[in-house]
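Can you make the complete structure from the sequences, with help from the hints?
From first to last, the protein sequence lines stand for chains A and B.
Counting from 1, position 38 in the first sequence corresponds to residue 151 in the working numbering; the numbering is continuous, with no gaps.
Counting from 1, position 84 in the second sequence corresponds to residue 1408 in the working numbering; the numbering is continuous, with no gaps.
Because the hints were derived from the structure by calculation, they are not lab data.
You may find that some hints are simply not true.
As the list claims (entries may be wrong) - Some chain A residues close to chain B (C-beta under 7 Å, calculated; not the full set): (1) P152; (2) G153; (3) G155; (4) L156; (5) Y161; (6) V163; (7) G166; (8) F203; (9) G213; (10) E214; (11) F217; (12) E219.
All values reported here derive from a predicted model rather than from experimental measurement.
Glycine included, each C-beta is placed from N, C-alpha and C at the ideal position.
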Amino acid sequence: NAGVTQTPKFQVLKTGQSMTLQCAQDMNHEYMSWYRQDPGMGLRLIHYSVGAGITDQGEVPNGYNVSRSTTEDFPLRLLSAAPSQTSVYFCASTWSANTGELFFGEGSRLTVL
Amino acid sequence: AQSVAQPEDQVNVAEGNPLTVKCTYSVSGNPYLFWYVQYPNRGLQFLLKYITGDNLVKGSYGFEAEFNKSQTSFHLKKPSALVSDSALYFCAVMTTDSWGKFQFGAGTQVVVTP
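Structural data, given as structure tokens:
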């Protein structure tokens, strides 16, 4: 039982490049979400999904796309990276939104030059 | 709109002394409140939650938190801190008006000295 797995752990991009951060969970969780963590700002919700085929925007969705074609996977796409997207990204999941016990991945550190 | 405030960037406490990490919230609707802990270079780990019922909730590693509706607070407490409790602590809130939209505070760094 691997829990929540994020790849890659580290990535350096140039401005304008695109990439996808992968997130997979093996706990049959319905709810999945993406956060970014910046110093002094806590975690800010980017996008979330309450089930396969359903996604919604969080607090800071601009510049990011998501899809949820399976229960297990919730990739985060950066279409045209900007230096402001330099951050640590966390994927989290739980059985349903009202349980609140989020299980987090180890994080992906992204630097945009 | 919902928001969470953690008024202290850092809390310093000596090992064996009581530890308190403060959290206040502002929501419309009934709050679901949570505490998480983050160790260096790791993801967050769940500590405890308040959904309904008893205002005092107990969680992992000897932590507890008290929900105070009149003061809109959910402070995290531990009677006797350990050096291993040194970490970054986050309060989070969600409401039935915003299912799935967890709002996190900025975090409080706890430093426990021997």
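Outcome of the hint check:
no., hint, verdict
1, P152, "violated (9 Å)"
2, G153, "holds (6 Å)"
3, G155, "holds (4 Å)"
4, L156, "holds (4 Å)"
5, Y161, "holds (5 Å)"
6, V163, "holds (6 Å)"
7, G166, "violated (15 Å)"
8, F203, "holds (6 Å)"
9, G213, "holds (5 Å)"
10, E214, "holds (5 Å)"
11, F217, "holds (3 Å)"
12, E219, "holds (5 Å)"
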